[in-house]
Each structure stands twice: as structure tokens, then as C-alpha cells.
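Peer 1: On the provided structure of chain A, position chain E as indicated by the hints.
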Amino acid sequence: MQITVTVNGEETTGDVEPRLLLVHYLRVNLGLRGTHWGCDTSNCGACTVWLDGVPVKSCTTLAVQADGHQVRTVEDLDAGGALDPVQEGFIQEHGLQCGFCTPGMLMTARALLDANPDPDAATIREAISGNLCRCTGYENIVRAVRWAAEHAAAEVTA
Amino acid sequence: MTTVEAPLSTAGNPIGFGRMIRKEDARFVRGQGNYVDDINLPGMLHGAVLRSPYAHARIVSIDTTAAAAQPKVRAVITGKILETLNLAWMPTLSGDVQSVLATDKVRFQGQEVAFVVAEDLYAARDALELIDVEYEPLPPVVDARKALAADAPLIRDDLEGRTDNKIYDWEAGDAELCDEVFARAEVVVAEDIVYPRVHPAPMETCGSVAHMDKVTGKLTIWTTTQAPHAHRTLYAIVAGLPEHKIQVISPDIGGGFGNKVGIYPGYVCSIVGSIVTGAAVKWVEDRSENLMSTSFARDYHMHGEIAATREGKILGLRVNVLADHGAFNGVAQPTKFPAGFFHIFTGSYDYPAAHCKVTAVYSNKAPGGVAYACSFRITEAAYLVERMVDCLAFELHIDPAELRMKNLLRPEQFPYTTPTGWEYDSGDYPRALRESMRIAGYEELRREQAERRANPSDTTPLMGIGLSFFTEGVGAGPRKHMDILGLGMADGCELRVHPTGKAQLRLSVQTQGQGHETTFAQIVSHVTGIPPEDIEVIHGDTDNTPFGLGTYGSRSTPVSGAAAAVAAQRVKEKARIVAGAALECSPDDLEWEHGRWHVKGDPEQGKTMQELAMTAHGALELPEGVEGHLDASVVYNPPNLTYPFGAYICVVDVDPQTGVVTVRRFIAVDDCGPRINPMIVEGQVHGGLADGVGMALMEVMAFDEDGNHLGGSFMDYLLPTSMECPSWELGETVTPSPHHPIGAKGVGESATVGSPAAIVNAVLDALQIRQADMPLTPASVWRAMQGRPIRPDLAVE
Chain A
1 MQITVTVNGE ETTGDVEPRL LLVHYLRVNL GLRGTHWGCD TSNCGACTVW
51 LDGVPVKSCT TLAVQADGHQ VRTVEDLDAG GALDPVQEGF IQEHGLQCGF
101 CTPGMLMTAR ALLDANPDPD AATIREAISG NLCRCTGYEN IVRAVRWAAE
151 HAAAEVTA
Chain E
159 MTTVEAPLST AGNPIGFGRM IRKEDARFVR GQGNYVDDIN LPGMLHGAVL
209 RSPYAHARIV SIDTTAAAAQ PKVRAVITGK ILETLNLAWM PTLSGDVQSV
259 LATDKVRFQG QEVAFVVAED LYAARDALEL IDVEYEPLPP VVDARKALAA
309 DAPLIRDDLE GRTDNKIYDW EAGDAELCDE VFARAEVVVA EDIVYPRVHP
359 APMETCGSVA HMDKVTGKLT IWTTTQAPHA HRTLYAIVAG LPEHKIQVIS
409 PDIGGGFGNK VGIYPGYVCS IVGSIVTGAA VKWVEDRSEN LMSTSFARDY
459 HMHGEIAATR EGKILGLRVN VLADHGAFNG VAQPTKFPAG FFHIFTGSYD
509 YPAAHCKVTA VYSNKAPGGV AYACSFRITE AAYLVERMVD CLAFELHIDP
559 AELRMKNLLR PEQFPYTTPT GWEYDSGDYP RALRESMRIA GYEELRREQA
609 ERRANPSDTT PLMGIGLSFF TEGVGAGPRK HMDILGLGMA DGCELRVHPT
659 GKAQLRLSVQ TQGQGHETTF AQIVSHVTGI PPEDIEVIHG DTDNTPFGLG
709 TYGSRSTPVS GAAAAVAAQR VKEKARIVAG AALECSPDDL EWEHGRWHVK
759 GDPEQGKTMQ ELAMTAHGAL ELPEGVEGHL DASVVYNPPN LTYPFGAYIC
809 VVDVDPQTGV VTVRRFIAVD DCGPRINPMI VEGQVHGGLA DGVGMALMEV
859 MAFDEDGNHL GGSFMDYLLP TSMECPSWEL GETVTPSPHH PIGAKGVGES
909 ATVGSPAAIV NAVLDALQIR QADMPLTPAS VWRAMQGRPI RPDLAVE
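These protein sequence lines are chains A and E, in that order.
Residue numbers for the first sequence, in my numbering: 1 to 158.
Residue numbers for the second sequence, in my numbering: 159 to 955.
Keep in mind that the hints were calculated from the coordinates and are not lab data.
Among the hints, a few may not be true.
Using 20 Å as the maximum straight-line C-alpha spacing, the simulated DMTMM-like pairs for lysine to aspartate or glutamate come out as follows [claimed, not checked]:
no., chain 1, residue 1, chain 2, residue 2
1, E, 564, E, 553
2, E, 494, E, 301
3, E, 515, E, 327
4, E, 304, E, 862
5, E, 372, E, 401
6, E, 471, E, 508
7, E, 564, E, 601
8, E, 660, E, 675
9, E, 181, A, 88
10, E, 230, A, 88
11, E, 181, A, 11
12, E, 494, E, 327
13, E, 324, E, 301
14, E, 181, A, 75
15, E, 230, A, 17
For reference, chain A alone in the conformation it holds in the complex (with noise of 0.2 Å):
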């Protein structure tokens, strides 16, 4: 099937066949490695990436799914050519370990950011419950996501 897909703001189009899945059209047509494959059922979240602004499991989205709709992976974040402040966040609370989960975790966070840009840790756990860790024990992405939410603030403020 001939899809178009609009991927971090540039169109992009592919042959596929129907079965095949986003996260394969992302990494492997597209050489977008950011995105990653963990589990296949959609319980681990490595795959997130968005869907006209949703946080999806790509690994349980086909790529014809996504055909003439927008997709964000973790390669946009920096699109500015500055980290997002939930990247810097990341960075300086130590919210990640092996990296393996972290593009996954970064479009979650950054979703709910936008939606509630202050969120307390009770929401930011709820938040991101649909992805896994297997390194951090939760705690820093926590605070690199109230890491995020203050300094963006601070940075309207100023």
C-alpha cells in the first residue's frame, strides 16, 4: 500500500505492505533508530511515539494506521536545535540508565507536560505507567519530569 506519512514535520511516503508495523516504518524505512522495540504487546512503551499529538504504542500501530496522519518520534525533541527541557531533565536528574526506554519515556513525558505542565509526582506516575524501566526504579524520571515542568516555567517567567 502507498502511505504518506508526515514524521517530525516532513512527509514522507512507502510502499508498505499492511501488516507492517510503525515502529518498523520508523526505524527501518526511515532510519529513525530513536524509537525501539521491547515488547510486542504494547506493555513496555519503548515504542512510543505520537500520533497527531497521542502518545501510541508503535509496535502495536501499522504504519497504514498512521497514513496521512502526523508522527512525532524522539528525534523532533531537539528539533531547535536546544534540548527540551524534559530532555535537559532527564539529564540532570539522572532519569535514565541503559537509555533503552528513555526515547519512549521522553514523548510520554513530554505529552503530558503539554497537557498539564505542572503536574505533581502522583500524576507524572500515572503518566507514565505504560512504560517500562528496568533500570531506574522510577524515582529520577519522576523528578526529571518536575525537573521539566519547573524549568519551563522558569523560562516563561523570565
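Peer 2: Chain E only, in chain A's frame:
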């Protein structure tokens, strides 16, 4: 000695120890990590493994005709083809053999049967469906307790002369002394305790990209390995390839936890696929393959007995273990210790009598056993002793904190030789326990619990407080006592300081998220004064790093960290000689301050490390016998293990109507010696505590009576999320290792070792019962509350 605040470099990083953001993170937060599945080579093909649907079955025939006829399929490899290459079987890390692709029988569900190489992953997977395998099902051994029954099916009929499923009997300690002590003890408490089969389940599954260059004869394999050098040697042995023509590259690794220590059939198949097709072949397993076929952990069925006085003075501990090793004995551990370091089970307490006997058996389950941050089975040992101490406290009606304090080793007893022969190097255990109780507000917690118990209701959560105190033993060797398949457990390290004073450090160990690129730069910085941002850490590539045994058993800092410190010390001492030549004085007249050698009493007359690096590479005449340049190469053979320890307290609430456990608080006081980067240490502890929540409350690899795996996806094998984990509360004490160059002890596995017992003890304290096995799922807790505890690892009762 405590961690001293280091001066900052111009980039704002500590010159030496201290909190420093990680060098690794810049690439990871941009999605620019380079994991095995990110490796793409021109013309690369894709492999997929056909796996057995049966736990135990004879292979009657395999017909690959239809699969091989598919247009995108380039090769279909079976065990019969591997036999012609003498590759159908490979050695395991425990001196057994393991089937690469099954030839005679399949021995666990998920075992590798055939390998398809195709132009893309989808085509490879499609072709698997077209392979026709005729199986003749055989009765499986699922319950380890039945593996040695007279009528048990023989699993390993491939091994000549074998008539039963026993792998070994092994014991440690003094059985006779135990008999004496137990016979006259006032109190003996016995308990059956299962540490169920669990899985490390790193977020990245296992995989490899193999490329055999037919012209040069060189094999390059990018692979998920925690031990690239050991793998290179093993590939040389397995495949008969010349070792100097093998390059193992371990790129970024998405978590290991022991899952990526061994060599899996898929890796070997990708190599064979490349040899057969002439192209590079990528194989990356999916999650079900990871959970069903790669190295599990634990599966220890323990019977413990603890002897004590009525006042609670522990006199002895003995344990019988039935160990389920799966279909092949593939455990990764030092050769002398078939049960790993389980015989450290005497724990952190002072008593004379101890004995353990471990019987290992084959079963129709995946091989493995030493994984999941277990420190070579210290997880099982720590869980056993900490549960037995709580069982004793339960029977004696003594507060478990008081009972522990009464029996902990005292600081003046170190170095302390345990009844089973370990020499604990250092420790102040009562201080760590007191610190954890202070942070927890232990007395106040017990008061709150008493109030709740005095006013119970159907809806008031049952409150439980659980403790554990663990002693870890990490940093294997020494090499004279510890080897894996004959490879001594020592690690090399090379430090090169370039003329401009920038440095490269080459390590044999391999990070899987622990932050080696940062921590090891800080170790060198601490010794040499070179800013950490000027030190590049190179690892995970056998062509570009010195030999060593790799990262597992929390051995990176204790072994390679020591190697890096010694290399840095040698560089610093050489710089002193160079400084003496440059300043025209004796090196003995120089002293070191802030990254600079200067003349004693005349700080103006000095040279920085950077100036000395240029001088060392320059034209200055150096003293007789002193070569130029500023490099050092070290092989570090540890004189002993290091022994980190910790005191953990967990507070849980149990819903009396549903059995749901909520971890309300978790306090972890760890002593790993000086903390090179406290931020990274805390992150390591956080991760291990989450492992504890997973194992204590959620994770189990269960099987039905036919040997069907009931945990083959993350829908069934439950990992803790952000919702199950509390906000961890950490504390520290610092007792440096006396034999490690910088006193550091390693911390990667401490929390995984120490935390499960604290959580289980807390839940059982809430229920006011003595014993129930992990995982304490709502169903399991509810059944325990009804007085009908279950075996969560078996689907059958």
C-alpha cells in the same frame, strides 16, 4: 574516610569523586544510542528462530523444503546442517553442552529448532511457518521436586552413561558441628522457602549482527554481551575460528542484569548464517523469545533450619537446596562454585555453625539460573537467611530489628572469616541498621502498627514493617580461586595520556547502563587531576580494549575500577619522574597537589599533568631507563572480594479485602565504600529496589503440568511500573574496603539482593503469618490470609 567534595573543573565537573551528570546521556536523550538492533550493514540479511512448542519431545523429522523455496529466503539452517559443521552443540559456561539447534530432542518449550535467513524480518518470520516439524511428545519434568523420582523421564539422554536428572550435589560448611549445635539448641525453627524462577527481562532483548568477511576471514559480531572478551574466546572455541580473527563489539546495551552474560544459540546461528550466505546477518529476538529461552534466575527450593537460644542468640543455620537448572546446565559462575556464592548464606550475623547442601537437577525448562543482578546466587542466600531470621523472630516474639541487632557482626570482628570460609573485609553493621531505623522512624512505625491492630476493621489496611540486612560479596576473582571455563577473573585496563593532556581509558568491562563512561573517568580524574571531561572511556570492543571477564556480579568497580585507579597511579608516578627531569630535581623532592607536581616548599616551581604529558612526549632527556610517553597498562587481580552491605526497611499496607499490597515506604541504607558518583550509586540502588518490588510482589515464571510457559509476554510476566514503586528513601554509611585502591565496593546488585526479603517480611508482618512464597500477588496474599498458601511458581496446587 568519607566522600570528599572534589574541586570543579572549568566545565563544572568534579575533578574526582562527586555528583556529575553522565557523559552517556547526551546521545540517549536524543535517541542517538547505538544498540545492536540499530546496526545496519550493506546487504544485511535477517534471521529468525523456529522454536519448540513442546517442553519435551523427540524430533521425528524436519522438512524445510517449502520454507527454503520462498523467494526472499536465503538459507534455512537445521541441527543436521550444524552437525556437519560440528556446531550442533556448544559448551555452556558450566562445562555442560547445550543444543544450538535441536537434533535429537527438544528439552524445553521455546528451544531453538531451526534458523531462517531472509531478506527482511517479515519474510524470515513467514518462512518459519512453513517449516514442518514432526514431534513425538514425551512426558516432561516440570516440578523440580519430581526430577529425581525413579520414574522421572530422562532429559539428558544425549550425555553418555547418564541415567537420572541430577546435575550435582555440592556442600559447604560443617555438617557435624551443625548436628551438635542443633541437637542441643533451645529453639530450632524450620521452614520451606522457594525463590521462584524469575527473569531479568532487560528492556532490550538479546541479539547480534554477525559478519564473516570471506576475503579476510575475519568475523565481526555486534552483540548484546556483558562480557565481550569472554565471548570472543568462546566463539573461538565453539566455532573453531582463530581468535585473532574475531572481533566482538558490544555497542550500547539496553540493560543486562545478567541476561547478557551467556552465549545464546541465536548468536551462533547469526554467525553460521553469515558464513553460509556471505552476507551480514542480524538476529534480534522478540520479547517472548527473550522470556522463554534466555537465562532465567533463581528457581531455588530451600529448606532452612535455624537454631538459637530462647533469648534469640543465633547458634546455627543449615539449608538444603533443590536447584532447578533447566534442560542444560548453563549457569554462569566461577568453576569452583557450582552453586555460585550461595554458601555466603550465613549472612551478616555471628554464629559458629553453618552447612548447606545443594542438589541441582535438570528439568524441561530453559537453561540459566545465574542472572538478574544475583551476585552469583547471593540473592537466594540473602533471602534465605533474612527470611529465616524473621521466622525465628516470629516464633520467639522478638522484634525483628532487635533480633538482628543482637546477632549482627560487630565492627571489631572484621576482617571476619565466616563459617563457610568467606573473609568479609570490612563493615560496621550496627551503624547501618541504626541509620535505617532512624530514617524510617522505626519506633513510631511500630506504634502506628500497634494502634491499627488495636482498632481493626474490614477496610483498614493491614500495616506491615519488614527488615532485611544483607552482606554482598562482589568483584570476583581472585583469579587463583575464580575462573569461568578456565578464564581467570582478572581484568585489564589501559590508560593513555595524550601529549595535550587529554586521556583515553580502555576497559575490559562493558556498561549496560551503569554509567562507566562517567564513573571510570572520575576514577582516573580522582588520581591524576585530569578533568573527567578530558578522559574518554573506551569499552565494548575486543579489538580496542584489553582482555578481561566483563561486567556482572557487580564486578566493574571492584575489579576494573581498581585497575583504572592503579593505571592512573602509575601514570601519576611516571609524571613525577618526568617532572623531576623537567624541574631538574629529584622526584623525591616533589609533592602532589591539585593535579600538579611541585617542588616541596616551593609551589611556584611545578608542572601540571597536562604540561607533563607534553613533556613526556617531547624531546627532554629522561632519566636512564625511563621511556617516553605517559601510558600505563594494568591487569588487576583482586586479592579478595569486596563486601558491600546494607540495612533495608519496608513498610507496606495490605488491603484486607483484596490482598493488594501497597509499598508505602522503602528505606535503603547502603554501604558500598566511598561513592565515586553518588548520583549514579543512588540510581543503581533505585533500580535494584524496583527489582525487589517486582520479585516480591509480581514476577514469576510459572509453568503448567505440560511444561507450557505461562509467562511468555509482559502481559503475563508482570514487571513493576511507576505505580507499584514508592519514592525510595536512601541513606548511606561509608566503610571503605581495605584492599581496594580507592576503597570502593561495587553496588550494582546490592538492592536486588537485599530488597526482596524486606518486602516479603513486611507483607508477612502485616498478615501476622510466618511464611508464604513470592510473588505475593493479591491472589497469593488472599489465599495466605485464608490459611491456604500456594506455590506461585506452579499452576497446579
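Peer 1: Each hint needs a verdict: does it hold in this structure or not?
Peer 2: Here is what the structure says about each hint:
1. Between residue 564 of chain E and residue 553 of chain E, the direct Cα distance comes to roughly 16 Å. Compliance with the 20 Å bound is thereby established for this hinted pair.
2. At roughly 27 Å between alpha-carbon atoms, residue 494 of chain E and residue 301 of chain E are farther apart than 20 Å, so this suggested pair is violated.
3. Restraint check: the Cα-Cα separation between residue 515 of chain E and residue 327 of chain E comes to about 7 Å, which is no more than 20 Å; the hinted pair holds.
4. Under the criterion of a C-alpha separation no larger than 20 Å, the hint pairing residue 304 of chain E with residue 862 of chain E is consistent with the structure, at around 14 Å.
5. Distance hint between residue 372 of chain E and residue 401 of chain E is fulfilled; the C-alpha atoms sit about 16 Å from each other, no more than 20 Å.
6. Between the alpha carbons of residue 471 of chain E and residue 508 of chain E the distance comes to roughly 9 Å, so the proposed pair stays at or under 20 Å and holds.
7. Distance restraint check for residue 564 of chain E and residue 601 of chain E: the Cα-Cα separation of roughly 17 Å lies within the 20 Å cut-off, and the hinted pair is therefore satisfied.
8. Annotation: proposed proximity of residue 660 of chain E to residue 675 of chain E holds, straight-line Cα distance about 15 Å (limit 20 Å).
9. Our distance criterion of 20 Å between C-alpha atoms is met by residue 181 of chain E and residue 88 of chain A, whose separation comes to about 13 Å.
10. For a cut-off of 20 Å, the pair hint linking residue 230 of chain E to residue 88 of chain A is broken: about 44 Å separates their Cα positions.
11. Between residue 181 of chain E and residue 11 of chain A the CA atoms are separated by roughly 34 Å; this puts the pair beyond 20 Å, and the hint is violated.
12. Restraint check for residue 494 of chain E and residue 327 of chain E: satisfied, since their Cα atoms lie roughly 13 Å apart, inside the 20 Å limit.
13. Between residue 324 of chain E and residue 301 of chain E, the direct Cα distance comes to roughly 13 Å. Compliance with the 20 Å bound is thereby established for this hinted pair.
14. For the suggested pair residue 181 of chain E and residue 75 of chain A, the alpha carbons sit about 19 Å apart, so the restraint of at most 20 Å is met.
15. With a CA separation close to 15 Å, the supplied pair residue 230 of chain E and residue 17 of chain A stays within the 20 Å bound.
Comparing the model with each earlier hint shows violations of hints 2, 10 and 11; every other hint is respected.
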